[in-house]
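> Just need the whole structure built from these sequences, with the hints factored in.
So the protein lines, in turn, are chains A and B.
In this text, residue positions in the first sequence follow this note's numbering: the first is 646, and each later residue adds one.
In this text, residue positions in the second sequence follow this note's numbering: the first is 646, and each later residue adds one.
It cannot be assumed that every hint is accurate.
Given that identical chains are not distinguished, each listed pair holds provided it fits within a single copy or across any two copies.
Derived SDA-like pairs: lysine to any residue, alpha-carbon spacing no greater than 20 Å straight-line [as the list claims (entries may be wrong)]:
#1 Lys766 <-> Asp746
#2 Lys944 <-> Glu1018
#3 Lys742 <-> His899
#4 Lys889 <-> His767
#5 Lys742 <-> Gly900
#6 Lys962 <-> Met819
#7 Lys828 <-> Asp746
#8 Lys918 <-> Asn654
#9 Lys769 <-> Thr897
#10 Lys769 <-> Arg893
#11 Lys742 <-> Arg893
#12 Lys742 <-> Lys766
#13 Lys682 <-> Glu818
#14 Lys944 <-> Asp665
#15 Lys666 <-> Leu701
#16 Lys797 <-> Gln679
#17 Lys658 <-> His694
#18 Lys658 <-> Glu725
#19 Lys693 <-> Asn648
#20 Lys742 <-> His767
Source of the hints: derived by calculation from the structure; they are not laboratory data.
Number of protein chains: 2
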Amino acid sequence: MINSQSRKNTFSKKWDKYSDKDILPLWIADMDLQSPKFLQDIFAKRIKHNTYGYTLTPAKLNHEVIKYYKKKQQWSIKNEWIIWLPNLVTAIYAVNKMASDSSQSLVIPKPIYPPFTESAKHYKAVFSFVSMVEEHGRLTYNFSKISKLLKKDAWLMLANPCNPGGSVLNLDEMEKIISMVFKEKAFLLSDEIHSDLILDQNIPFFSLGKDKRIIDRTITLHSCAKTFNIPGLSCGFAIIPSKKLRTRFLNTIHGIVPDPSLFGIIATLECLKKGDSWRNELLKYLRDNRDRVVNVLSKISNISFIAPEATFLIWIKILHPVPKKGWRSYFEEFGIGVSDGRDFGDPQSIRLNFGTSSSNLNKALKRFSLAMENING
Amino acid sequence: MINSQSRKNTFSKKWDKYSDKDILPLWIADMDLQSPKFLQDIFAKRIKHNTYGYTLTPAKLNHEVIKYYKKKQQWSIKNEWIIWLPNLVTAIYAVNKMASDSSQSLVIPKPIYPPFTESAKHYKAVFSFVSMVEEHGRLTYNFSKISKLLKKDAWLMLANPCNPGGSVLNLDEMEKIISMVFKEKAFLLSDEIHSDLILDQNIPFFSLGKDKRIIDRTITLHSCAKTFNIPGLSCGFAIIPSKKLRTRFLNTIHGIVPDPSLFGIIATLECLKKGDSWRNELLKYLRDNRDRVVNVLSKISNISFIAPEATFLIWIKILHPVPKKGWRSYFEEFGIGVSDGRDFGDPQSIRLNFGTSSSNLNKALKRFSLAMENING
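Next up, the structure:
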């Protein structure tokens, strides 16, 4: 069963931002839903032991990752390809550092989740933006433009499913990307953290890095953090089949990137072993939420939006001149705290997180409608 | 009450290294003792909530750190000086990266905890070793040599209490270091993670960075990880009073060093609030262990050792030619897994972790004695 949960008094980044205000937080990408009961159970068992010393990622955790890819994608991952991480942002920064240190340029589609561009700027990497395009209600890539920019040894940086757009690469799009990376001898970072949150049951998912042509040129990132709502527990992983690339990556993270935390390790193991049936219930819950959001938004004029195929996030373009303070401040005045599209490369848009209870979502949608009525006059 | 605890089947780095062998692990620095009961209680309460989303370090956590320094050292820390970290190794790496990027040299005493030198090598920083000297059964610094090597803007890298030596800087030694750093306009990293584990009750402790002369040239590192046996929970902090230095440090860790984990934050808050009485019991327990170790070792010939003033670690020099495979392998053959002094800058020595149960310790000491009898013939 999926249970919603108040996040108050839990040091929640999402909720404490507005703790003294009547603003419903719909920004940072975690959910106002309880994690599966089996996590509570395994944690209760673990804390009976009451020691929390240096913890390794056990062999059986790798074994579960290998099983996961085998079952979901018929992809045979090798044990040594798996690198454990405290989260995926550290890995995105590490790839940008590697790229910058080796004068490799980067091609970054936009809109995209802020760490992609922030990390490129932070390490003074040379990068180009390529705006995504809307086609048949989905965000997709401008393949010809990417192809022109993607040089030998350059990095194409993707999130699939994309964040904020929520679209999942289809087989045709995958082939375009794979053949492009292969042809140009480029590299690919594929952040697949939302790949277990595909709302439409008929959409298949395959990791780009699975393709033999580019397997040695790809870093795949994944984690249970989004699906099982455990980003506070610090655990994720990279899959890097190429030994050379893996060595570079390991060298970059050495010492400065810590191991996953004890509870993150325990949780990830348990989610991989037992998570499927809870996840199916979650998908149903999130589908209902998405459909409700889409239903409300389609009645509002002067916005355009992408109904997400995956994630609990929706990307909405506001077809009005952007207020000076940006859309975030505008919507805060109406009691909802959204992510400002500026941080994703498009000041015209906002990202709204619908991973919350039905009652919060209804309240939030009413406030959003009111805010839009106010602009629409 | 201090309870010992088997660490088996908990993904313990320390124990799983030898899980299939009859070797007692006395290496990595965590304890085979339960954490305080109040941690179990707060965790039990927290998991009832069963959400584990993005978590911030709450204002009251900073407040407790400020109270801690005020009470223990009459040092008034400012809120903005505190930087939260997943652990202290990441910070040691960050300082070495900063030093290397700015062509600042480093002076590192030895023996020292491996990350100090590993990080300098990793970032190709220019560094000099200065061997510590034994004086009246304590390890102390070669001040005149350090003074010669410490140039303007160079970093002096210390652990106080020192690890592996376990000595605590006395007021005279502190004055020498402070005036040297001040005179040379150098910088100081002071890792004080063992400063709440001073076994001798009459030894006072003050942070070097508290001194006004060098307050703007010092990074102080601390954590509850060692004292309360929670290194698996990923939480620690740096205190950096200088805004300029803080900005450099924050810039270095940005993105690639993650936040502390949720359970690390909860645990640290609770330990700072409630930890004192449990800590006093722990000190008694560890004092007993230390005294037992010292008692056994003093009867063994051809070793020399430092009775530690702090920590649950003891540094032992073996006065025999080092076997080809090193001392670690030698002692493993006799059923104890120690830290090899090679990794600390002295292949002649070993570090032995006595943070374990009385029965384990007795067994380990018997095995150590037997191993020594075998060399001594």
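> Mind listing which of the numbered hints don't hold for this structure, in increasing order?
6, 7, 13, 14 and 16
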